[in-house]
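Chemist: Chain residues, written in single-letter form:
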Amino acid sequence: MKKILDVMKIEGKSYSVLYDVSTATVIFQGSLRLSGAEEYAPIEQILNSVTAQDPSIIILNLQKLEFLNSSGISM
Amino acid sequence: MSQIIGDFITCLPLNQEYLIFGFSLSYTSLQQRWRNNGISADFLANYLTTFFPDNDDGSIIAQKQTELKRAVSYIANELLENSMKFSYENSAPISIQLHLHSDRIIFVISNSISYQQFEFFQSYINILLTSDLDDLYIRQIEKSIDKEPSCSGLGLLTILNDHTTKLGWKFEEGQDNSHQVTVTTIVQLIV
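Protein chains in written order, with my numbering: chain A, 804 to 878; chain B, 15 to 205.
In case anyone wonders, no lab produced these hints; they're calculated from the structure.
Among the hints, erroneous ones may be present.
Said to hold, decoys possible - Some chain B residues judged to face chain A by a derived CB distance under 8 Å, without partners named:
1. 17
2. 20
3. 21
4. 48
5. 51
6. 95
7. 155
8. 158
9. 168
10. 169
11. 172
This one's a predicted model, so the numbers in the text were calculated from it and none came from an experiment.
Glycine included, each C-beta is placed from N, C-alpha and C at the ideal position.
Only chain A is shown next, with the shape it has when bound in the complex (with noise of 0.2 Å):
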């Protein structure tokens, strides 16, 4: 189980993602300024993850997100 949370949680100098596996959510907090697609492949990783687990819902809480790019809005 820790493997698996380990896995769904990613932390960078100024961001946060992780997912809450009780509740479906994926949260996101920080700042997310990072270069490309190759950059936020670990962060994408996570959101497949969860997808793959075919949830009914699936929750995506941006409420402490304070900047995302346009790469991170393309992912």
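Put chain B on the given structure of chain A with help from the hints.
Modeler: Quick look at chain B alone, frame taken from chain A:
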């Protein structure tokens, strides 16, 4: 060769409040320089809040100030990211200017690109200025899903689509057979 596309201002109106930043491309890698985009964009936005125009009765609408601050930070960040990603290696420094006027904030950013990048950019701008922006937005998102190349193509599109802006560009070919083209981008954010 000098070419102008879109809403470009050749003679900027005089004003007292402006900032100019310059970034050298020679001494650090793109990865090291990247964090400065956000630092610079946030600084520009925070600095300008001191001078946001207020209503005739002297009041400042806090929500509008917050919206403008976010818009300035987003636009400056996207312009800097584009310049950092697409500048010709070891070319002249990138410069970004912000000019504050009573009815608009004007961003001016200059950087050098290769001739090949110029041709690609020119055709993209023509698509940007002649397309339905909502349709173009969906098409660019779909292209990114299909893993088409490195850039999302959403930077300038979101500047146009999500904000009240006018965009213009000037391209000038280098004079010394350097195969570089200097591109100056002007974004007018209407306030």
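Chemist: Please go over all the hints and tell whether each is borne out by the structure.
Modeler: Hints versus structure:
1. 17: violated, 25 Å
2. 20: violated, 19 Å
3. 21: Hint on residue 21/B: violated, closest Cβ of chain A at ~21 Å, above 8 Å.
4. 48: Status holds, d = 6 Å.
5. 51: With a minimum Cβ separation of about 7 Å from chain A (threshold 8 Å), the hint on residue 51/B holds.
6. 95: With Cβ-Cβ at 6 Å, under 8 Å, it holds.
7. 155: Where the cut-off is 8 Å and the nearest Cβ of chain A is about 7 Å from residue 155/B, the hint holds.
8. 158: Residue 158/B check passes; min Cβ-Cβ to chain A is 4 Å, inside 8 Å.
9. 168: holds, 4 Å
10. 169: holds, 4 Å
11. 172: With a closest approach of 5 Å, the residue 172/B hint holds.
Consistency with the previously given hints fails for numbers 1, 2 and 3, ordered from lowest to highest.
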